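Start from the sequences, fold in the hints, and give me the full structure.
Residue numbers (the numbering used here), protein chains in the order written: chain A, 1 to 397; chain B, 1 to 397; chain C, 1 to 397.
Hint data in this document are derived by calculation from the structure and do not stem from the laboratory.
Incorrect hints may appear among the rest.
Copies of the same chain are indistinguishable here, so a pair counts whether it falls within one copy or spans any two.
Heads up, simulated SDA-like pairs for lysine to any residue below, C-alpha to C-alpha not over 25 angstroms straight-line [stated by the list, open to error]: (1) Lys379 <-> Arg69; (2) Lys263 <-> Ala306; (3) Lys176 <-> Ser293; (4) Lys379 <-> Ile396; (5) Lys287 <-> Pro333; (6) Lys242 <-> Glu260; (7) Lys287 <-> Lys386; (8) Lys176 <-> Asp357; (9) Lys393 <-> Asp380; (10) Lys387 <-> Asp60; (11) Lys393 <-> Gly53; (12) Lys342 <-> Gln229; (13) Lys143 <-> Val339; (14) Lys287 <-> Ser201; (15) Lys393 <-> Asp60; (16) Lys393 <-> Leu240; (17) Lys287 <-> Asp94; (18) Lys325 <-> Asp236; (19) Lys386 <-> Ile396; (20) Lys295 <-> Ala306; (21) Lys295 <-> Thr4; (22) Lys309 <-> Ser201; (23) Lys379 <-> Arg57; (24) Lys379 <-> Glu392; (25) Lys309 <-> Asp296; (26) Lys325 <-> Glu148; (27) Lys379 <-> Ser394; (28) Lys379 <-> His391.
All values reported here derive from a predicted model rather than from experimental measurement.
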Amino acid sequence: MNETTIPKLLKDLEALPFDMREKDFLLTWELSKENLLAILKTGLLLKELHRTGRSMRVFDTGLAVSIFRDNSTRTRFSFASAVNALGLTLQELDERTSQIAHGETERETAVMISFLTQAVGIRDDIFLGEGDRYQRNFIQAIKEAYQEGILHQRPVLVNLQSDIDHPTQSMSDLAKLIDYFGGIENLKGKKIAVTWAYSPSYGKPLSVPQGVIGLVTRFGMEVTLAHPQGYELLPDVANLAKKQAEASGGSFSVTENMEEAFKNADAVYPKSWAPYQVMVRRTELLKSGNTASLKDLEKECLANNAKYKNWECTEEMMKLTRAGKGLYMHCLPADISGVSCKEGEVSASVFDAYRKDLYHQASYKPFLIAAIILLSRMKDPLSTLKKLSQHEKSLIL
Amino acid sequence: MNETTIPKLLKDLEALPFDMREKDFLLTWELSKENLLAILKTGLLLKELHRTGRSMRVFDTGLAVSIFRDNSTRTRFSFASAVNALGLTLQELDERTSQIAHGETERETAVMISFLTQAVGIRDDIFLGEGDRYQRNFIQAIKEAYQEGILHQRPVLVNLQSDIDHPTQSMSDLAKLIDYFGGIENLKGKKIAVTWAYSPSYGKPLSVPQGVIGLVTRFGMEVTLAHPQGYELLPDVANLAKKQAEASGGSFSVTENMEEAFKNADAVYPKSWAPYQVMVRRTELLKSGNTASLKDLEKECLANNAKYKNWECTEEMMKLTRAGKGLYMHCLPADISGVSCKEGEVSASVFDAYRKDLYHQASYKPFLIAAIILLSRMKDPLSTLKKLSQHEKSLIL
Amino acid sequence: MNETTIPKLLKDLEALPFDMREKDFLLTWELSKENLLAILKTGLLLKELHRTGRSMRVFDTGLAVSIFRDNSTRTRFSFASAVNALGLTLQELDERTSQIAHGETERETAVMISFLTQAVGIRDDIFLGEGDRYQRNFIQAIKEAYQEGILHQRPVLVNLQSDIDHPTQSMSDLAKLIDYFGGIENLKGKKIAVTWAYSPSYGKPLSVPQGVIGLVTRFGMEVTLAHPQGYELLPDVANLAKKQAEASGGSFSVTENMEEAFKNADAVYPKSWAPYQVMVRRTELLKSGNTASLKDLEKECLANNAKYKNWECTEEMMKLTRAGKGLYMHCLPADISGVSCKEGEVSASVFDAYRKDLYHQASYKPFLIAAIILLSRMKDPLSTLKKLSQHEKSLIL
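This is the structure we're talking about:
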């Protein structure tokens with residue numbers, strides 16, 4: 001591993017012209033590279049504090065609110081862990097036991113749950129064109145109420161997965177890549193294959209692959225996106241990845257051949273997702289409540305998926321990677337053939353060989369979320385981090 | 001705004017012969033005026049501490065338990081925020097995942113969840129004759145267990161809405177009125193219209209209007225209750241309002257004419273509720289599990305409501321208020337015509353014009369709940385408040 | 001009562017060669033007598049700290065995770081209270097809103113929720129052969145991840161009821177017995193009747209009676225297990241109880257006669273459970289999703305139960321106990337005849353006569369859970385307990 005020491009991280013942060021104060025965390029590509037680096041380095045620092053049994057508490061009291069419009073284990077517990085470690089208490093907004101309506105009321109709810117709230121995390125990834133919109137609407141409402149003096153403080157919003165991006169995931173992925181390749185400068189020229197993979201389930205969001213290509217293309221990586229015909233991602237994000245790759249001295253290409261993507265890859269990220277066009281149709285049917293057509297769509301979609309069962313990350317496939325030793329990545333949980341499903345994204349032997357790396361990849365998320373909240377809410381985050389590093393308050397009193 | 005300073009509030013509290021120690025908060029009219037004023041002033045003080053970034057934590061650890069037998073967003077988050085700010089951790093009792101029976105077992109549950117609990121909040125507003133009874137039963141059980149030494153401490157019970165009163169709401173309403181009119185003495189002679197309003201939904205509890213007329217009549221206001229024939233409130237509460245108004249030098253009258261109530265009103269509170277007699281029948285049907293008759297009742301009730309669609313708070317109606325500038329109030333969420341429903345309690349333009357006031361009205365609730373718990377649980381609340389005001393412990397460490 | 005003082009408890013603990021460091025709490029019979037005594041004495045000490053308004057907080061921040069695969073009120077709130085008192089924040093893993101699969105993924109979930117977690121509580125008591133297995137699998141996964149450096153710390157697992165044991169319950173029962181009879185040495189030779197009792201419900205777990213006979217037989221008690229033919233417990237546990245009784249100088253016998261068990265009993269613990277063989281068949285049917293046969297089994301089982309309605313703990317039965325004054329025990333909630341059901345485990349008059357004792361019995365659980373976590377997670381628990389006892393930090397700041 002390449003986890004740098006706390007003094008080194010503090011020094012790096014001091015040299016970095018970042019400014020996350022009162023900023024939200026929606027799409028990584030809306031944030032400057034300096035801010036992303038500040039989040040990464042702060043996350044590493046907090047992880048190191050925790051590893052050595054020290055407290056990162058910065059709040060005396062205060063709420064953090066999470067809104068999960070889709071199931072979640074990993075991200076839910078990452079957010080819960082992060083806010084707890086900072087001294088906040090999680091209160092989930094369960095829309096089943098509240099009466100959440102549309103239009104103005106959506107904005108009203110945003111204010112009503114924010115009177116003593118320092119951070120809000122939202123997962124809303126099911127409807128294309130919905131999750132990101134909802135989050136921006138939420139931010140606008142609390143900003144306005146803060147400016148009007150209705151709110152005493154203005155919570156930071158953390159996107160815990162929208163229809164467009166899954167930025168706490170892609171930042172964890174980036175942290176893993178940096179650690180694995182021994183430094184951010186070493187990402188330049190490294191080849192990563194972000195590929196579709198077969199899954200017996202349907203309707204998986206596009207935000208994970210979009211998040212990855214939207215982030216790593218900024219750091220000079222050679223990115224190959226591979227998927228069967230018809231499994232395109234949001235065109236805007238693919239275009240953005242292209243532009244970013246050019247600007248960073250890397251590259252971005254798309255292929256319909258999984259083997260081609262894997263060839264000489266330093267890292268591979270094979271994961272299932274639903275085709276963009278299917279998600280568009282699904283969103284329309286869900287909105288109109290057309291249950292019969294939804295079932296037809298699911299059937300059609302699963303049948304279509306089944307044509308590509310060979311898009312599996314097997315030992316054979318891994319042999320194509322650089323010296324047969326490319327890093328296998330996944331956001332988890334993976335559809336493991338013979339374990340969690342009959343035929344899936346990855347063979348059990350590949351998954352097992354990289355299990356430790358996969359868990360390590362996941363281990364960054366709580367600390368990166370904590371970093372985002374800290375950097376957005378603290379007036380002088382650098383001096384806060386120095387204080388935390390110096391007082392050495394133990395987690396166990 | 002008229003939010004007085006912390007030194008002034010402390011001075012006022014010092015002069016006030018209040019005693020909320022180990023008292024519960026069920027119906028405002030069971031508490032002395034001094035206790036209500038102490039809650040208001042303590043709430044303002046805690047709000048000011050929070051506004052200036054200071055901690056109001058008074059507990060090291062401890063649970064607060066909430067029991068919501070009906071949906072809630074605002075009150076749920078107000079309670080969650082309040083107990084968190086005081087240093088307690090919220091644990092909701094979800095009756096779906098517990099096995100809560102009737103009779104003795106109801107009292108048993110009360111004790112079983114209270115071993116390390118400092119505050120309990122209960123919303124139980126669906127059945128007439130049930131919510132208040134349940135809360136009193138709960139209190140009796142924990143009092144007894146405390147006296148027997150089974151419980152080491154005795155949690156305070158906060159009524160988060162019963163069939164009779166919604167006292168944390170009415171206290172927020174009162175706080176807003178005091179602030180709006182520049183002091184509690186200025187409420188004398190001010191006219192408030194508490195009126196029914198049309199809603200496309202059915203079965204809304206009576207406790208909000210009952211709570212308002214049961215509270216503001218104690219402060220010399222001229223209260224007009226308006227509703228269509230058949231939409232009476234609980235007779236006991238209406239009678240109480242009448243008596244209290246007489247004692248305080250105000251007035252209380254009932255009319256079936258919304259315009260009459262609005263005429264020259266300094267404040268209006270138009271809100272839908274189900275008729276008392278309908279709630280009685282509904283309670284009987286719910287208890288006997290008579291689903292078919294329940295549907296008939298709903299149909300009949302909605303049809304009846306629909307006769308009074310003109311009971312809407314429009315711009316025209318607002319022009320009737322004092323100089324056309326009366327304050328529009330609501331406990332939220334409102335049924336806004338054209339926004340959250342086709343035709344509802346209030347027009348979008350009226351709601352928008354008063355949105356900031358409405359959110360400000362809602363902003364008192366967390367601090368008033370915190371005030372109730374603090375006053376009931378602290379041995380010497382005045383010295384606690386002084387300590388909080390002096391040590392200036394920051395919310396952000 | 002016989003609650004010894006804090007200095008005495010500290011002295012006792014000092015003399016006790018216990019070692020619970022990084023140990024889990026699955027089955028009492030896997031732990032040494034010294035460790036059980038250390039848990040009991042630490043629990044009493046924490047209870048006394050709480051009674052006198054002092055804090056037992058040992059964690060600055062940190063999560064505790066609970067997984068309830070069956071309904072719970074008492075144990076849920078005991079766990080919530082315990083972890084809160086220690087300074088941890090409870091985060092429930094709700095499997096309905098997560099995507100929990102089988103096989104490897106079960107172990108993955110264990111790691112994913114443990115990155116910043118200090119304690120995990122699991123109730124999984126529905127399937128025979130499942131709950132204990134799941135807990136051991138969970139432990140193995142987090143141990144491995146801790147050794148690999150993926151986890152910075154390794155949470156302690158607390159069994160909150162499995163198919164085999166309900167150890168936080170049986171330890172509370174033991175604490176009550178010790179208190180009631182004035183010391184652990186006084187348990188020697190005392191007769192306890194652990195008996196089946198009639199209930200109109202079906203499928204109650206076997207873990208409570210198993211937990212009791214698996215624990216009290218280690219302390220020299222004369223244990224009689226009584227149940228109708230066909231209501232056997234797990235043979236392994238019954239055999240274990242027999243062996244332990246012999247080793248401790250007590251006795252263990254089984255009878256099909258409730259009166260015989262009650263005769264001269266110093267304490268009785270009448271409680272319903274499903275026959276072992278029924279649970280085996282039920283587990284198979286549940287696994288195969290055979291709904292029709294499940295209904296038949298329930299019918300058959302309830303009909304069988306109904307043959308033994310006379311297995312009720314009545315005043316008549318209590319007269320059989322030693323001098324008619326035996327202690328009536330129950331884990332609660334009890335099926336009280338005429339209160340929570342028509343005919344049940346215990347008559348209302350017996351229950352009422354022992355209500356205070358029953359609540360007292362329940363009151364130990366939060367403190368014993370806190371003791372387990374503290375002893376497992378603190379490096380030097382004795383010095384932690386001394387510090388807590390000396391600094392006298394108040395619960396109310």
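These are the hints, each one checked on the structure:
| no. | hint | in the structure |
| --- | --- | --- |
| 1 | Lys379 <-> Arg69 | neither (31 angstroms within a copy, 41 angstroms between copies) |
| 2 | Lys263 <-> Ala306 | within (24 angstroms within a copy, 69 angstroms between copies) |
| 3 | Lys176 <-> Ser293 | neither (41 angstroms within a copy, 51 angstroms between copies) |
| 4 | Lys379 <-> Ile396 | between (27 angstroms within a copy, 10 angstroms between copies) |
| 5 | Lys287 <-> Pro333 | between (28 angstroms within a copy, 24 angstroms between copies) |
| 6 | Lys242 <-> Glu260 | within (18 angstroms within a copy, 67 angstroms between copies) |
| 7 | Lys287 <-> Lys386 | neither (50 angstroms within a copy, 55 angstroms between copies) |
| 8 | Lys176 <-> Asp357 | within (8 angstroms within a copy, 49 angstroms between copies) |
| 9 | Lys393 <-> Asp380 | both (19 angstroms within a copy, 18 angstroms between copies) |
| 10 | Lys387 <-> Asp60 | both (15 angstroms within a copy, 16 angstroms between copies) |
| 11 | Lys393 <-> Gly53 | both (8 angstroms within a copy, 23 angstroms between copies) |
| 12 | Lys342 <-> Gln229 | within (24 angstroms within a copy, 45 angstroms between copies) |
| 13 | Lys143 <-> Val339 | between (47 angstroms within a copy, 21 angstroms between copies) |
| 14 | Lys287 <-> Ser201 | both (21 angstroms within a copy, 22 angstroms between copies) |
| 15 | Lys393 <-> Asp60 | both (14 angstroms within a copy, 9 angstroms between copies) |
| 16 | Lys393 <-> Leu240 | neither (44 angstroms within a copy, 47 angstroms between copies) |
| 17 | Lys287 <-> Asp94 | within (21 angstroms within a copy, 27 angstroms between copies) |
| 18 | Lys325 <-> Asp236 | neither (33 angstroms within a copy, 49 angstroms between copies) |
| 19 | Lys386 <-> Ile396 | both (20 angstroms within a copy, 15 angstroms between copies) |
| 20 | Lys295 <-> Ala306 | within (16 angstroms within a copy, 38 angstroms between copies) |
| 21 | Lys295 <-> Thr4 | neither (51 angstroms within a copy, 61 angstroms between copies) |
| 22 | Lys309 <-> Ser201 | within (12 angstroms within a copy, 48 angstroms between copies) |
| 23 | Lys379 <-> Arg57 | both (15 angstroms within a copy, 22 angstroms between copies) |
| 24 | Lys379 <-> Glu392 | both (21 angstroms within a copy, 18 angstroms between copies) |
| 25 | Lys309 <-> Asp296 | within (20 angstroms within a copy, 42 angstroms between copies) |
| 26 | Lys325 <-> Glu148 | between (57 angstroms within a copy, 21 angstroms between copies) |
| 27 | Lys379 <-> Ser394 | both (24 angstroms within a copy, 13 angstroms between copies) |
| 28 | Lys379 <-> His391 | both (19 angstroms within a copy, 21 angstroms between copies) |
Of the numbered hints given earlier, the model fails hints 1, 3, 7, 16, 18, 21; all others are met.
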